[in-house]
Structure formats: C-alpha cells, structure tokens
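Undergrad: Given next are the chains, with one letter for each unit.
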Amino acid sequence: MPQPVPAVPQIPAGWQPVQADFTAWITNPFSFLAQPAGFRGQLQAAKALSGWTLAQLDTILEDPYSGWSAVLTASQPAFSWLCPAGCAGWYEATVSGFTLNQASSAAQSAAALYLNGSVWQYGSDDWAVNGNDSGSSGAVQVPLIPGDYVQLYIYSTAAVNTPAVAGQYPALEMTWVSS
Amino acid sequence: MTTSQVSLPNPRTWANGDLVTVPRLRADAVNAIALLAQRPYFVGQRSLGDSWANATDLALPLDVELTDAWNGHLAPPATGTAPYWCPLPGWYLCDARIPFAYTSATAAPFMAGWQGLNNGVAFGPVHGAITANGSTSGTIIPRAVDLIQQTVSGAPGGSGDWVQATARQDSGGSVNLQSLAYCQPTVSVRWVCANSGSIVSLPVLGAVPTPITSAWLNANVRDTVKFLSYPPICKAHYTAGASTVPNNSLATPAVINLTTVDVDTYSTFTTGAAAKYAAPYSGRYYLAGQITFAASSTATTYACGLLVNGTTLYYGGIVRFAGTSLAGGASVTKRLRLTFGDTVQLVAVQQSGGALAYNTTASNQTRFISVWEGL
Numbered sequence: 001m002p003q004p005v006p007a008v009p010q011i012p013a014g015w016q017p018v019q020a021d022f023t024a025w026i027t028n029p030f031s032f033l034a035q036p037a038g039f040r041g042q043l044q045a046a047k048a049l050s051g052w053t054l055a056q057l058d059t060i061l062e063d064p065y066s067g068w069s070a071v072l073t074a075s076q077p078a079f080s081w082l083c084p085a086g087c088a089g090w091y092e093a094t095v096s097g098f099t100l101n102q103a104s105s106a107a108q109s110a111a112a113l114y115l116n117g118s119v120w121q122y123g124s125d126d127w128a129v130n131g132n133d134s135g136s137s138g139a140v141q142v143p144l145i146p147g148d149y150v151q152l153y154i155y156s157t158a159a160v161n162t163p164a165v166a167g168q169y170p171a172l173e174m175t176w177v178s179s
Numbered sequence: 001m002t003t004s005q006v007s008l009p010n011p012r013t014w015a016n017g018d019l020v021t022v023p024r025l026r027a028d029a030v031n032a033i034a035l036l037a038q039r040p041y042f043v044g045q046r047s048l049g050d051s052w053a054n055a056t057d058l059a060l061p062l063d064v065e066l067t068d069a070w071n072g073h074l075a076p077p078a079t080g081t082a083p084y085w086c087p088l089p090g091w092y093l094c095d096a097r098i099p100f101a102y103t104s105a106t107a108a109p110f111m112a113g114w115q116g117l118n119n120g121v122a123f124g125p126v127h128g129a130i131t132a133n134g135s136t137s138g139t140i141i142p143r144a145v146d147l148i149q150q151t152v153s154g155a156p157g158g159s160g161d162w163v164q165a166t167a168r169q170d171s172g173g174s175v176n177l178q179s180l181a182y183c184q185p186t187v188s189v190r191w192v193c194a195n196s197g198s199i200v201s202l203p204v205l206g207a208v209p210t211p212i213t214s215a216w217l218n219a220n221v222r223d224t225v226k227f228l229s230y231p232p233i234c235k236a237h238y239t240a241g242a243s244t245v246p247n248n249s250l251a252t253p254a255v256i257n258l259t260t261v262d263v264d265t266y267s268t269f270t271t272g273a274a275a276k277y278a279a280p281y282s283g284r285y286y287l288a289g290q291i292t293f294a295a296s297s298t299a300t301t302y303a304c305g306l307l308v309n310g311t312t313l314y315y316g317g318i319v320r321f322a323g324t325s326l327a328g329g330a331s332v333t334k335r336l337r338l339t340f341g342d343t344v345q346l347v348a349v350q351q352s353g354g355a356l357a358y359n360t361t362a363s364n365q366t367r368f369i370s371v372w373e374g375l
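Heads up: the protein sequence lines correspond to chains A and B, in order.
Numbering-wise (the numbering used here), the first sequence opens with residue 1 and increments by one.
Numbering-wise (the numbering used here), the second sequence opens with residue 1 and increments by one.
Keep in mind that the hints were calculated from the coordinates and are not lab data.
Remember, predicted model here, so these are calculated numbers, not experimental data.
Ideal placement from N, C-alpha and C gives every residue a C-beta, glycine not left out.
Any given hint could be a false lead.
To be verified - Sample of chain A residues lacking proximity to chain B, with all beta carbon distances greater than 10 angstroms (derived): (1) L61; (2) A85; (3) N161; (4) A164.
Claimed, not checked - Which chain B residues face chain A? A few, computed with CB under 7 angstroms, are given here: (5) T136; (6) T210; (7) L228; (8) T260; (9) L313; (10) V332.
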C-alpha cells in the first residue's frame, strides 16, 4: 500500500512503544523508501507534432500512486501526472522524444518537462537526422508539492508524426528522489 | 537532527532478549530514515549565458542553487567555479546538461563532462557522448551522466573529495551558454550507494508482531537499511581497444563492447563483446549509456539505446552527425522496470557505410550505468 514521504521519526526517551508505533516508525517509512512515488508512461500511437507538442501518453506502464489522468479533472489537465497528497519532494524525470524523419539537415528534436502548464526545463535537445527517425532523451530534476502537475512535451522542427514503433515511443518516467 | 549530522547506517543484528531501547531505535531506524529520505542531493544552475572559449574543458560555475540539503556547495555568490564537496562517502549519480546557443551551419562538437577528486586522486574531465550540431536552430544540449565514487568527506572548500561539471565546445570560436530560464546549464549530484555494504534481500515489510521479535527487527530494520543503503548499482566502460560498430540500422543495432567494470555491487555484469547487466533484483532502474565514435567526416545517423532480454529496444538519442574529422556520439537515459534476471545491453547504431571504431581517447568514454531506485 503506498505510503507518504516519511518524516524522520521522533522517538521520545522512556517511551513504551506499542505495535502502532513500530508501524509508524519503521514499516511505513521504509515502505515508502523501498517504493517511492513514481510514474512511467509512453505514447505508442502516432501523433502529429508541430513545434512543442503535448505528448498525450496512451500507455501507462506504472502509476502506483495514481497521479495520472488522461482527462481533464478539477485538479489537473488531461495527460498530466499530479503530485499526490503526502508525496512532496524532489523528483527526477527522464524524458524521451521521438519524431519521424524530418527530412532536413536543419532540424531539431527535443523533450521537455512542463510544470503546472509552463515549461520547466528542457531535458534534451539534439540535431535531428535527415533520412531517419530522430530521438532525444535526458533527465530533469523538479521540486513538486501536492497539487503540482507535470507533462511531457516533445519538439519537432518539421511537422511530422511521432513514430509508432517499439523502441521509439516518447516516454515520461519519474521517481521521487529526496525530501 | 539535521541531515548533516547523519552518518552511514550500520544497523545491529538483534538477538532474542535484546531490549528495544530508544537509543537503539534512533541509531538504526531513525538515522537511516533521515539519510534515505533526504540524502546528499544538489541541483544547481548557471544563469548568465557566459561566453565559452574554444577547445578547452572549463569548469562550469554555478550561481543558482535549487537544492543543497547537505551544504556540499558553497552558496552563491561565492561559488565561482566551486565544486560539490562530498559530504558523505559513497557513489554519486552525477548529471550535467549544458545548453549552448549555437546557430552556425558548420557542424561542431559540444561536450559536457565531470572532473574531480576521489580519495585525493584527481580524475577527468571525462565527457558524456560528444554531441554534434550544425542545425542553425539555436540550442544544443550535450549531457554527461556519470556514477562517481567519493571516498573522503569534508566541508566545502576543504581537503575532501569533490566533483565538478565541465563544458567544452570545439567550434573554432567562442560560443555562449544558453541562458533561457527553462534551458540553463543544470547540474545534479545525488548520493545513491555506500562504498561498501552487505548483499541482502529486501524483505517484504510485514505487519508488526506481538511481541516484537528479533526476527522481525532483523528483517524490517537491519536488512531493509542494509539493502537501501547499498542497492544494486553498476557502471562499466570500454577501455581503449580495436572495437568497431558495423554499419547497421535502427532495427538491428550492435551490442556495445564494455570491458571494464567500475562498480557492480551485486556482481551481475558480464564484460565483453556481448556485455550485459543482469538485474539482481526486481524494481525500477535508472539506466544510462553513451557511445562516442572515432572521428569521421561522413554525415550520418548515430543512435544509442538499451536492449532488454535481447529483444526489447529502448532508444534514447537518434541524432544527426556531420562534420570534418569530428568525433560524435549518442546517449540514452531511461527508467525501466526490470524483473530479477532480466538482462540489459547497451546498443549503438551508425550508418557511415562501413565499420566505425569506438573513440579511444580516455576522456571520450563509452559507458553504461544502472541504479536500482525502488520496487
């Protein structure tokens, strides 16, 4: 069962602990640290790209803290991951963007993490291939508090689709790394 | 308790009849939770769009600190080129991404790297994959992910070990670093593993029994702390030889020959032409790799990816290379879920028309990195 980010337990001197204390001091904190909040999703279907484009992830590989929504809700826009209650901290996201052949020697492909609707940081930005599909991957560090949401955006200079090819699926993968 | 007072965990083995005292719980559980929930972790940036000289590895100054819970970096404005001083011995996952503002159509190589001091011995700079650009689009981001050991801890500015990001461009003239708020040179340094530890299984954290037993404490405190402070991590690289990558396609990439293991806490890496890492434990893994090829003048595609169990591909960079007698490469960074025994191989693609050698300059390393990050 997912647990919140642990606070450092305060164990009073002389305390006579009961089972519930050990659950709070040991079981719950180590459960979170052994399975920190995270998320992995991919965009497997071909989607049109035009400049910076929201990656509408269609395949959620894991979301143990249930932060993902593919539809607009009162808390988050469609295709976003919402930082769950109790899971504040620094996260590291690996971002991957892919495009079909842009047929230009003056094109780029890139991937970025958006935070609360605005670009937070580029994770990668590479010279796109002329004659092949292109790919670009990197990592972004981002501080989140409950209610913040993040999204994957992909950049393509030319108006082409994402490749619907295994091995080249745009992806957002995140892990909580520190309070 | 502040994090800077936390030491590496060394949890006791409990025996029947041991008193479960407050000092013992603080020493074993509280200390470890404090460390693992807020480990040494630094994220910093360079915001000023500096002009970067040609053909020199230069230390990256960091004037913005986004987080530095253990105070390993001297706070701005006294940073200068100040590195991150090791506050706790162990292995650090270091990631530098260095956006350059480069608009020329003349292809040039760009590099991020790491240098530092380990156990008093200087190393580096060692580059990430060399990144070529001539797109005229304005920004290119070379990256360097490395797993770096630090042995001697100490205060910032002291005599302890340290790491520092570097940047380089060989365009023939100066090039500015990018200064856009969302595209600045950014560095992260994160403690991920102790320098030594015990190989144990991560127990299933179970319900608390009545009464508390030594077996429960050994599993839920001792073994859990030992596993989480010494998890599966691995780094292997290619030591200069005569290896080449054949002309190939994205559908049939070549496995990269990795010959030297730098760290492998669970001893599951196999070196050689079919080099592979076998997941010693199920979970979510951070995986990174890079290849830099020998100098070439053939405009082509370079790509780098991960191959799981010999069948499932995950590409990272699939990039254009062009230039005159330039080195270039590609890298990959992913988080994948691996099951115990799954194998991961670093793979590469190049389409120059013939075989292309790995770069043999020590600073232009080809390497693979794996870090277990959770169930």
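Undergrad: Hint by hint, note whether the structure agrees.
TA: Against the structure, the hints come out as follows:
1. Remark: the non-interface label on L61/A conflicts with the geometry, its nearest Cβ contact in chain B lying 7 angstroms away (cut-off 10 angstroms).
2. Remark: the non-interface label on A85/A is consistent with the geometry, its nearest Cβ contact in chain B lying 17 angstroms away (cut-off 10 angstroms).
3. Every Cβ of chain B is farther than 10 angstroms from the Cβ of N161/A; the closest lies at roughly 15 angstroms, confirming the non-interface assignment.
4. Annotated as non-interface, A164/A keeps its C-beta farther than 10 angstroms from every C-beta of chain B; the closest such distance is 14 angstroms.
5. Look at T136/B: its Cβ gets to within about 5 angstroms of chain A, closer than 7 angstroms, so that hint holds up.
6. A hinted interface residue such as T210/B counts as satisfied when its beta carbon comes closer than 7 angstroms to some beta carbon of chain A; here the least separation is about 6 angstroms, so the hint holds.
7. The interface hint given for L228/B is met, as the beta carbon of that residue sits about 6 angstroms from the closest beta carbon of chain A, less than 7 angstroms.
8. Hint on T260/B is violated. Least Cβ distance to chain A is approximately 24 angstroms, over the 7 angstroms limit.
9. For L313/B, the suggested interface contact is upheld, since its CB lies about 3 angstroms from the closest CB of chain A, less than 7 angstroms.
10. The beta carbon of V332/B comes within 6 angstroms of a beta carbon in chain A, closer than 7 angstroms, and the hint placing it at the interface holds.
The structure does not agree with the numbered hints 1 and 8 stated previously, though it agrees with the rest.
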